[in-house]
Amino acid sequence: MAGGGSFDTFPKLLLRNATQFGTRPAFRHKDLGIWQTWTWARVAAIVRAYAAGLHRLGLQPGEKIAVVGSNRPKLYWTLMAAQALRAIPVPVYSDAVADELAFVLAHAEARFVAAQDQEQVDKILSVSDRVPHLQKIVYDETRGLDGYDDGRLIAIDDVIEDGRAALTADPALGGQMDEFVRQGDGSDIAVILYTSGTTGASKGVVLSTRGCIDAATDTTRFDRLADHDVVFAYLPLAWVGDHYLNYVQGLVAGFCTACPESSETIEQDRREIGPTFYFAPPRGFEAMLTRLMIRMEDAAPVKRRMFNYFLDVARRYGEQVLTGKPVPLRGRLLYALGRLLVYEPLKNVLGLSRVRVAYTAGEAIGPDLFAFYRSIGLNLKQLYGQTEAFLYVTCQPDGEIYPDTVGPAAPNVDIRIAESGEVQFRSPGMFMGYFKDPAKTAETMTSDGYVKTGDAGFFDEKTGHLKIIDRAKDVGWLADGTMIAPKYLENKLKFFPNIKEAITFGDSREFVCAMINIDPVAVANWAERNNIAYGSYQELAGHPLVYNMVAEDVARVNHSLVKEKALAGAQIRRFLILHKELDADDGELTRTQKVRRRFIAERYAPLLAALYDGSHEADISTEVTFEDGRKGTIAARIKIRDMHAAGSADPLGKAA
Amino acid sequence: MRAPDTNEILLQVEGVALAFGGVRALRDVSFNVRKGEIRAIIGPNGAGKTSMLNVINGFYHPDHGTITFKGRTRARMQPFEAARGGIGRTFQNVALFKGMSALDNIMAGRSLKVRRGLLWQMLRYGPALAEEIGHRHRVEEIIDFLEIESIRKVPVGRLPYGLQKRVELGRALAMEPDLLLLDEPMAGMNLEEKEDMSRFIIDVNSHYGTTIALIEHDMAVVMDLSDRVAVLDYGVKIADGTPDEVKKSQAVIEAYLGVAH
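Going line by line, the protein sequences match chains A and B.
Counting in this note's numbering, the first sequence runs without a single skipped number right up to 676 at its last residue.
Counting in this note's numbering, the second sequence runs without a single skipped number right up to 273 at its last residue.
Everything labelled a hint here was simulated from the structure, so no lab data went into it.
Note that the Cβ used here is the ideal one computed from N, Cα and C, for glycine as well.
There's no promise every hint is true.
Residues on chain A that point at chain B, a partial pick, calculated with CB under 7 Å [to be verified]:
1. L52
2. G53
3. Q56
4. E281
5. S282
6. E284
Simulated restraints on C-beta separations [unchecked claim]:
7. A:M313 - B:P167: 20 to 28 Å
8. A:Q40 - B:L135: 42 to 50 Å
9. B:K82 - A:R172: 35 to 43 Å
10. A:A320 - B:K82: 54 to 62 Å
11. B:P172 - A:S148: 35 to 43 Å
12. A:R163 - B:P172: 22 to 30 Å
With the rest of the complex left out, here is chain A (with noise of 0.2 Å):
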């Protein structure tokens, strides 16, 4: 099994594996319908060339070339070749607006630009008067590009054709070439990565060689991963996910990166490909399967009841199969005739048939959706990680897999709670810092030398592992001291199926409350399987019964949180139904989607005021928009439910 070793840079790791694994895959590419492969051999050829190209262009050690594109075997050489100059590839965002493009191009002083087509060159060229230091484009495809007069532009096969010609010309070239790879050191700069800016401007995140190859040889030693694995690249290429699981470990394992037609052919090459490791976020492994289920619903009835027949049967042994622990005679037969049947069938549609490690990562994962894939057989773990980290901070190790906790430190990382409750970490890939910015650099660290996570989280006592609970800023404390995770609360109730949105209140108060929304879609269905009567969303989101049912997912989590000392005091005491559902329209949630939990304070004060003030219902009047624009007032009296602390004998205090 490889690993980084005695290999400091890139270049020269892309040398072993041209020697070691020449004649295997190292891209692949699916072009006019058909999958063209290269092997470590025929890639160090062509990184070669297309460096010299760059290099007769005059692209100089210690500068930066930007890469704008999708996941292209092309742009990942040009990763591999600006390193072999030691310049600096800074991939940028491919649908980064252009604004924002040209914020990254100035601030990392691009010289060269690596766009993939000309969507990306017309974007570059549109803010290349606010990019002072751009000299040269190089592009991919070169499609529509015929026509344009700009002597900046030069497409990559032509750079590479040409560097070949000047290689074969001049032997000095390659001598010169080799001269490069040579003063490679692991203390260059490998790569900077821009943080997609959620939270204001993106900073680059400057990663060292050597830190990057030591990360990722631990890792790629956890998992196992070698030459003979297939990873199918498709997210995009700037994210630290990628750079770091498909680019980085790439190299250190010599293993094949796998790139899809399009964006719109993923789910077929992903088919086609059968990666062996994968990685996609919660919300991906969401969608796969909601897709998954809505087939089902048209399938033949037989098949249906075979379907969940086998499902059932992996709820209950699939996990234990898994893991490799002790499951009787019987499940185990029926688990191998469901797997004939059903779960294999079901992994070679979604093209996961050969996946031997699959990763997730990024939000919570829900225990369901979590579970359903485990119990088929599909090895998914959770990890957690950061761009700062180089990635990995945690990761699960195989046959310790919690659904609730992120997994133990990631080999030779060093973790360790702050006073405040943040993560802070040590890593081998930890950042240099960030790019021309000392003073957010400063805030980052601490003066021993630990990366500030900004997420708090807490080891949990039964297993020793991680867990993430909420965003450092939005964690807050009750009047008695306990630690409090909004988002973790709302996490937890949101994943039952009758509740759409939570958000939870309690900083400086005496006890935990929380509004809640109901998922019109799952509590009219069940309303029509029991047979109750509403007239509107207002009355069935009032009705008693309705009530109930929400109040018993809530004694749920209280139930839930007793296992975890820091939060058992974190329970919720008090809850509401809200009458209508949060709208982005309505500025109560943002685009994406999440609740803004401050506003909602503000514009349901009068209701958070009756949750703490003891009072068993209060009005509420608020203003709507309709979907026209229009704007109206929806008034409701909403009743307010009390709770019991699930597990000690806790008093209610005066809420009661």
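Go by the hints and put chain B onto chain A.
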């Protein structure tokens, strides 16, 4: 907008007249199409636009007048002869094989290029296989060009209208025509689909160098797209020239605004 490469005339229509019983669909219409240009024929409903296209590709035979294509003049010709001669077309109402995949539909456009006999093709062996691979390669280039990779294997009957139109354009392109006739390529499309289609038409013209004659009644689209525009009204050509010239023509304004004749 790209200027036509040369002033060479690819198609000359001279004094064409066509009547269906008492309806005189075309009256003494003359115009030409230069090699490499995008030529539009516009006009209000019932102006005789589709009749004109049908005359050009041999579907109708004109009562009077001649058609000269690539220097050869003829009065009567069958549609398959037109196709063999290098005239491809799409239809106002999509005319695809609904049950076949997008790929097979476009492959069907290659049928005139297939050299091996039916038996060879059925055997799919040796030279016939090599030939099919060659055709498939051309078709894949078109699929890539029109950005329809994701629907390659989907039966076209299940595709939305805008995509069906694109597949149809692909099939017409597969025969590598010298002259491509497009019958209302943007009919029934929303703004975004229209913009997409306009881009593909311009790309086809500049990338493959295909001469394009299109019929359309959306004035705005035509004016942006075309090098030259001919305007028909009640079977008579009332204007001909660059989009700017045509826009200023009093006859055109009257025809479109419905001023009494």
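- prompt: For the pair B:P172 and A:S148, does the Cβ-Cβ distance stay inside 35 to 43 Å?
  reply: Cβ of B:P172 to Cβ of A:S148: about 37 Å, so the range 35 to 43 Å holds.
Cβ distance range 35 to 43 Å for B:K82 and A:R172, holds or violated: holds (41 Å)
query: Does the Cβ pair A:M313, B:P167 satisfy 20 to 28 Å?
result: Holds - the Cβ-Cβ distance for A:M313 and B:P167, about 24 Å, lies within 20 to 28 Å.
field: Minimum beta-carbon distance criterion (7 Å), A:L52 to chain B
entry: Hint holds; A:L52 Cβ to chain B Cβ min 4 Å, cut 7 Å.
message: Quick check: does the Cβ-Cβ distance between A:R163 and B:P172 fall within 22 to 30 Å?
response: With Cβ atoms ~24 Å apart, the hint holds.
field: Range agreement (Cβ of B:K82 with Cβ of A:A320, hint 54 to 62 Å)
entry: holds (57 Å)
query: Does the CB of A:S282 sit less than 7 Å away from some CB of chain B?
result: holds (5 Å)
- request: May I ask you to test the hint 42 to 50 Å on the CB atoms belonging to A:Q40 and B:L135?
  value: holds (45 Å)
field: Restraint satisfaction for A:E284 [CB to CB of chain B, less than 7 Å]
entry: holds (4 Å)
- request: Classify the hint on A:G53 as holds or violated, based on whether any CB of chain B lies nearer than 7 Å to its CB.
  value: holds (4 Å)
Restraint satisfaction for A:Q56 [CB to CB of chain B, less than 7 Å]: Violated: closest Cβ of chain B sits about 12 Å from A:Q56, beyond 7 Å.
- prompt: Once the shortest beta carbon distance from A:E281 to chain B is found, is it less than 7 Å?
  reply: holds (5 Å)
Checked against the numbered hints above, the structure breaks only hint 3 and satisfies the rest.
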